[in-house]
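Trainee: Sequence:
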Amino acid sequence: RGCDYVEQPLHFDADDQLPELFARRALPIFIDESCCFATDVSRLAAVVDGVNLKLMKCGGITEALRIVAVARAHGLLTMIGCMGESSVAIGAGASIGALFDHIDLDSHLNLLPDPARGLTLAAGVVRVSEHDPGHGVTLTC
Numbered sequence: 076r077g078c079d080y081v082e083q084p085l086h087f088d089a090d091d092q093l094p095e096l097f098a099r100r101a102l103p104i105f106i107d108e109s110c111c112f113a114t115d116v117s118r119l120a121a122v123v124d125g126v127n128l129k130l131m132k133c134g135g136i137t138e139a140l141r142i143v144a145v146a147r148a149h150g151l152l153t154m155i156g157c158m159g160e161s162s163v164a165i166g167a168g169a170s171i172g173a174l175f176d177h178i179d180l181d182s183h184l185n186l187l188p189d190p191a192r193g194l195t196l197a198a199g200v201v202r203v204s205e206h207d208p209g210h211g212v213t214l215t216c
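Under this note's numbering, think of the first position of the sequence shown as 76, with each following residue one higher.
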């Protein structure tokens with residue numbers, strides 16, 4: 076399978092080089108480390124194709140919703156990703172996953188033992204429990 080986009084092709088403090096890179100791009104460019112707040116999206120919207128946000132980087136669901144709204148207003152693609160997070164954080168991201176074009180929420184699979192229950196992996200799909208309250212993930216410790 077080919078590559079769909081390039082994520083954060085420059086160091087986060089090299090945003091001034093994005094216009095030249097954007098003009099010559101062969102694949103869509105998504106910002107990641109350059110985007111912590113909705114204001115970052117507005118500042119860079121003209122020189123990127125999309126935004127990859129992480130709840131732990133932007134401060135949570137409230138700012139994530141602002142980022143998605145601003146990205147959509149600028150016609151950008153969106154992705155929700157993760158860092159090294161437990162299923163508690165992954166469940167929070169999954170609760171708003173339907174708002175995004177791309178979803179990459181799987182870091183809890185690297186954590187043994189995971190301090191929570193409620194997420195399962197089957198046939199390449201991460202599923203959230205329909206039986207637990209809130210976002211479907213419950214602490215076990």
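Just so you know, these hints were derived from the structure itself, not from any lab. It cannot be assumed that every hint is accurate.
Here are the simulated distance ranges between beta carbons [what the hints assert, rightly or not]: (1) 79 with 200: 17 to 27 Å; (2) 159 with 200: 37 to 47 Å; (3) 170 with 112: 15 to 25 Å; (4) 144 with 86: 36 to 46 Å; (5) 216 with 96: 26 to 36 Å; (6) 102 with 216: 17 to 27 Å; (7) 179 with 112: 16 to 26 Å; (8) 101 with 199: 22 to 32 Å; (9) 215 with 86: 18 to 28 Å; (10) 208 with 95: 14 to 24 Å; (11) 148 with 95: 21 to 31 Å; (12) 192 with 134: 39 to 49 Å.
We treat Cβ as the ideally placed atom computed from N, Cα and C, and that holds for glycine.
Trainee: Taking 14 to 24 Å as the stated bounds, is the beta-carbon spacing between residue 208 and residue 95 within them?
Mentor: 49 Å, violated
Trainee: Using the beta carbons of residue 79 and residue 200, state whether their distance is inside 17 to 27 Å or not.
Mentor: With Cβ atoms ~18 Å apart, the hint holds.
Trainee: Residue 102 and residue 216, beta-carbon distance inside 17 to 27 Å?
Mentor: The hinted range 17 to 27 Å is violated for residue 102 and residue 216, with Cβ atoms some 42 Å apart.
Trainee: Kindly confirm whether 26 to 36 Å is satisfied by the beta carbon distance between residue 216 and residue 96.
Mentor: Since residue 216 and residue 96 have Cβ atoms about 45 Å apart, the given range 26 to 36 Å is violated.
Trainee: Is it true that the C-beta distance of residue 159 to residue 200 lies inside 37 to 47 Å, as the hint says?
Mentor: About 21 Å separates the Cβ atoms of residue 159 and residue 200, which means 37 to 47 Å is violated.
Trainee: State, for the Cβ atoms of residue 179 and residue 112, whether the hinted interval 16 to 26 Å holds or is violated.
Mentor: The hinted range 16 to 26 Å holds for residue 179 and residue 112, with Cβ atoms some 20 Å apart.
Trainee: Check the following: the C-beta atoms of residue 215 and residue 86 are separated by a distance inside 18 to 28 Å.
Mentor: 39 Å, violated
Trainee: Do the beta carbons of residue 192 and residue 134 sit within 39 to 49 Å of each other?
Mentor: For residue 134 against residue 192, whose Cβ atoms are near 26 Å apart, the range 39 to 49 Å is violated.
Trainee: At the C-beta level, are residue 144 and residue 86 separated by a distance inside 36 to 46 Å?
Mentor: 27 Å, violated
Trainee: Determine whether the Cβ-Cβ distance between residue 148 and residue 95 falls within the hinted range of 21 to 31 Å.
Mentor: Given range 21 to 31 Å: holds, Cβ gap about 25 Å.
Trainee: Per the hint of 22 to 32 Å, is the separation of the Cβ atoms of residue 101 and residue 199 within bounds?
Mentor: Roughly 28 Å apart at Cβ, these two residues keep to the hinted range, so it holds.
Trainee: Does the Cβ distance between residue 170 and residue 112 fall inside 15 to 25 Å?
Mentor: Holds - the Cβ-Cβ distance for residue 170 and residue 112, about 20 Å, lies within 15 to 25 Å.
Comparing the model with each earlier hint shows violations of hints 2, 4, 5, 6, 9, 10 and 12; every other hint is respected.
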